[in-house]
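K.L.:
Here's the letter readout for the chains.
Number of protein chains: 2
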Amino acid sequence: MLSRLKSSLVLVLALVGTAALAAPAVELKSPDGRLSIAVSLDRDGRASYSVSRLGKPLIAPSSLGFLLADAPKLDRGFALESRTAATEHDERWEQPWGEQQFIRNRYKELDLVLREQEGLQRRLGLRLRAYDDGVALRYLFPEQPNLKQVQIGEELTEFNIASPGTAWWNTAFEWDREEYLYKRTPIEQVGLAQTPMTLRMADGVHLALHEAALVDYAGMNLVRVEDRRLKAQLTPGSGGQPKVVRTAPFATPWRMIQIADSAARLAESRLMLNLNEPNALGDVSWFKPMKYVGIWWEMHQNLSTWSSGPTHGATTANALRHIDFAARHGFGGVLIEGWNKGWDGNWVADSHKFSFTEPYADFDLERITAYASSKGVQLIGHHETGANAANYERQLGPALDLYARLGVGSIKTGYVADAAQAKVLGSDGVERYGWHEGQDMVRHHLKVVQEAAKRRIAINPHEPVKDTGLRRTYPNWISREGARGQEYNAWGSPGNPPEHEVNLVFTRLLSAPMDFTPGILAMKTQQPAGVVTTWAKQLALYVVIYSPIQMAADLLDNYEKHPLPFEFIKQVPVDWSETRVLNGEVGDYVTIARKQRGGEDWYLGAITDEHPRSLELKLDFLEPGARYRAHIYRDGPRANYTTAREDLVVERREVGSASRLVLRLAPGGGQAIRFEKLAGAR
Amino acid sequence: MLSRLKSSLVLVLALVGTAALAAPAVELKSPDGRLSIAVSLDRDGRASYSVSRLGKPLIAPSSLGFLLADAPKLDRGFALESRTAATEHDERWEQPWGEQQFIRNRYKELDLVLREQEGLQRRLGLRLRAYDDGVALRYLFPEQPNLKQVQIGEELTEFNIASPGTAWWNTAFEWDREEYLYKRTPIEQVGLAQTPMTLRMADGVHLALHEAALVDYAGMNLVRVEDRRLKAQLTPGSGGQPKVVRTAPFATPWRMIQIADSAARLAESRLMLNLNEPNALGDVSWFKPMKYVGIWWEMHQNLSTWSSGPTHGATTANALRHIDFAARHGFGGVLIEGWNKGWDGNWVADSHKFSFTEPYADFDLERITAYASSKGVQLIGHHETGANAANYERQLGPALDLYARLGVGSIKTGYVADAAQAKVLGSDGVERYGWHEGQDMVRHHLKVVQEAAKRRIAINPHEPVKDTGLRRTYPNWISREGARGQEYNAWGSPGNPPEHEVNLVFTRLLSAPMDFTPGILAMKTQQPAGVVTTWAKQLALYVVIYSPIQMAADLLDNYEKHPLPFEFIKQVPVDWSETRVLNGEVGDYVTIARKQRGGEDWYLGAITDEHPRSLELKLDFLEPGARYRAHIYRDGPRANYTTAREDLVVERREVGSASRLVLRLAPGGGQAIRFEKLAGAR
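Heads up: the sequence lines are chains A and B, in that order.
All the letters of the first sequence, read from the start, carry residue numbers 1 to 682 under my numbering.
All the letters of the second sequence, read from the start, carry residue numbers 1 to 682 under my numbering.
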């Protein structure tokens, strides 16, 4: 054994995590001066970064670099070749639709370039950004003679959390990727995890680890190596290929650390959107946020089937009935699943049989879309692929053209398949097996969005690639699934527990819209527990879970039967000018107020886990001096997520910005409020 | 989203870990009936296995199967096609050298074949074995039309530990693979780990998770996904290739779970050897276990260098001096590092410059080996490769031929390089970057051993592939490193703490011999703490750590200066007929007694961590009625691993099998005893 090499390594390892590292090569502070991200080089020329808040370490020195499949690893022997001066940026940009109309994008940024001092003398760039609500870095692979094609075997980025805390996380590399219940553990018990992962430190500071702008790269997962040291594990390449293959120059996705003083502030952060590129599509006013109903829950309730035959759900008659209902109650869209040929076999093994242009014989697509148009309603398209992206891409042009011709403005896509069983069309044209978040599938999802945009169609993928804020750049990427939705309450074992949605707000939903499909009123389902929320909580979810398309997921009859709660579902908007997270703790409770875009009313949603809550609120988000009629949909005195879910009280009172409200949430309950601005009240 | 698929998955997940699984398809009990391994199929035809002891679950239902890079995954839709009846085997086999001469190999075995019921109808076999000291399974890929070449993307085997406990483990996928300090954590805090991993359950049952017979496959690491669920992560393929590429038929390595009632019984288990194939080399009496000295510690102490020039350690004069010393004191070998051209650059980046046939000009190889032979001493060869296996393989024939001609009977090889930076020659002849335990390097190590065997040369690799018991099949694979050895006490930061060797006994050393290089007497080194053991512990290590070659690692002068401890080092054997682990707790202390092969004496070594111990021993391992002179090398009254390491007391007393001894071990101390059988005492 060789002491020179071994000992230098050992010293390096010992130094990491202590203050004994060389002085930072580069440090960047946030505009408010509270956050700092620094990059250092040790005596072996290994780069690491660290993050602190008010001088206190949040991320201890953490590795940077890459294993390459066909070249020596890129992680040491570096010296700082150049750096730019830190520049400060402050702009305001407008979302065409969203949870907030105008977003401030204020940050400091600098680039640095490392160069190997020996051997291939390759260069690796880093771009650092510091915001008041977090920091981020991305790798830049410059054009250079000794690194043209980059075959990444693994990214070596680590997140070495500096102090103990609690983590909320979800397992990675499992079946359907994101559809698991979130876990709450000490950081030291994190296993193999997806991002975003949320951390609460002992002093109440909250972090979320995630990535932004995942384009033509593999999705990042985190594995805890030891202690609190988390390490990137990129999603494997399809067909046993390297995890990422790119040609320099290119930039990786941002590795992003959201940082906030509280859970509520974390949920208000727009860091991920700010890290993405501006709108690349121009005018997207052709997409209108909307609520919708659909032929969907009836299949989940085993009342009809996706497959053809006497139980087929997607019949012309059923479609027309839903269109009538939508028109009558002001819904913009009707989703119909199971309309196209391919549903009669094993959806995954026979996924190549899905046709995206041929309706079943009992589904008169032309008549249905014409009827919908005549009623001012849109058919919402549906493309289940069984994760056979290759089959879908071969049909993509005609399939989108068809919908475009018929006035279908948005499509729900689906990618049901087991782990690593997506059928992927590589950039070389070869069909391979791949993971849902491998580079080839990441490419596929963006391709669908781009092709759809050309036809003024919006995309809402289920079993999707994770959201990394690309809706800023491609605003027709309107929503997605990517977590356990309502359907688990139909047949899940177990269904979603009362804390599920409160977990989502501070984890999955940090990364943006989700097509959760709330609004179930018939709480008994196929599975014994049913929907374990109160009615008031189902209503509150329309405010709490942001999405520009929101389903009223229940059977139409149930809405007809229950006009009181339905009234709120009909009224609640899906597009907002402002959002305030009024309070909240991860997994416990949260209250969110949002102001209707293009209107003066505010809406509020509060939800809790299995524990009752009494939440005192100031209404200081309301316009000072104005008067509002609060339409309050609250848990009744007996309300409870197991025994009295339908105990809903609706009451009205007048309030102003100086008012206080006490929200009493039942176990598994919630509260939804419309603050209707009263004319001339000032 | 699609309920049929999603819901069936969710149900399956909910059932795993409960008793609600279908009745086992196959169950196999150990010969003593205490252990059981069972394979079950759920309603989706997914196979899992579970393990119990006395009816109590040890391993809860755990997944089986494979992701394939070029075909649908192989993990479900199975039915049991066939199974063999359980057969019982009971044999005794002899080790040509070892810690124990005769080993009983008693087990039950059965094979089963699963067949996919749809689609490709592929077959996957499983071979189960149940021993009294553990269970094991391996996958069998039969020859079949729809699975000829098998490209494994990942092995899906899990180890779902049924109840809480403590784990001793070491991180995987780090720098030099195995050279880290073992960690002790709750099972729920295991991260990304190598095997063997040792677990102690609340009831005192000990498990070790490892593999046996790693041949032409990738090494297995374990990642904790969540809770106590560990999952295989095979070492990646070189150059971004699939992790394993094989042609059916073939069998994977054994996945093995050693099970014992105590730490001591665990350390006595020979399960791994029993799972390997018998000796494939025939007579290997040409390898003689031996102790050796060498030109090695002086480089670690910065007194000389591997590289050439005025400080070069491997000079003819120095070699002759060591040969004289070895001959004078009865050592069989002299290791000399730095003798060959290639040491003057960066050993890793310039690893292609290593020549294995050209000595430096100041090292007269022919004269040295001739002189050694004349003195009855062997030169121990040295091949440092810088992990450039490709360069080594190109020179392998001539390099081994040279040593064979010169009478060199064993070679220490070395593979220093950073993670995934081994330069590997694939079976396709292409040179790639790879991990130390990827399939290509696994192939390389065995190739070196096989080529060496043809020339009657034994191999002792450092920075090796892990030991999986292949010394049974290839008894010229005599020892290896694969853990933090003594040299960390020369320059490590930190060095090896007092618990290190006690951890090794119950973790790394479960998997067999280690060339640890004990016997340092000059306890001050380059690093501030020095060697943090007492002298008595250094002596005890010769008994506690088994290896058929053991170094007296210190500078020759230090042995000349300290004849008292040196006496034990000269006397202690390196080949044994019996081994008894008399007591021990992982990481705390252990006492091992071994009987000299071909002699009547017993030797005993006891070591402790930083805590003093008083261990009462029965000597009932001694021959009843016989009398022994106990030569006791014990910690003196002031002995302590920080302040009085050299406080050694040597005393003699007569004992028999009915005697009791109380061993008093100092903090960081130990005790070494030779039980010299007295003639005619019966």
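Among the clues, some could well be false.
Treat identical chains as interchangeable: a pair holds within one or across any two.
Claimed, not checked - Pairs of lysine to any residue residues, derived as SDA-like cross-links and limited to a Cα-Cα distance of at most 25 Å, are as follows:
hint, residue 1, residue 2
1, K73, R394
2, K183, P164
3, K341, A162
4, K524, T87
5, K618, A679
6, K454, E610
7, K29, S427
8, K183, M201
9, K183, T166
10, K73, D344
11, K73, Y180
12, K73, G429
13, K56, E94
14, K183, S163
15, K353, G330
16, K148, G429
17, K353, N146
18, K561, L181
19, K288, Q571
20, K183, V225
21, K183, A162
22, K447, R76
23, K183, D227
24, K677, A25
25, K353, D44
26, K524, E585
27, K288, E94
28, K447, E567
FYI, nobody ran anything at the bench for these hints, they're computed from the structure.
K.L.:
Starting from the hint list further up, note which numbers the structure goes against and sort them upward.
P.N.:
The structure breaks hints 3, 4, 6, 7, 13, 15, 18, 22, 24, 26 and 28; every other hint is satisfied.
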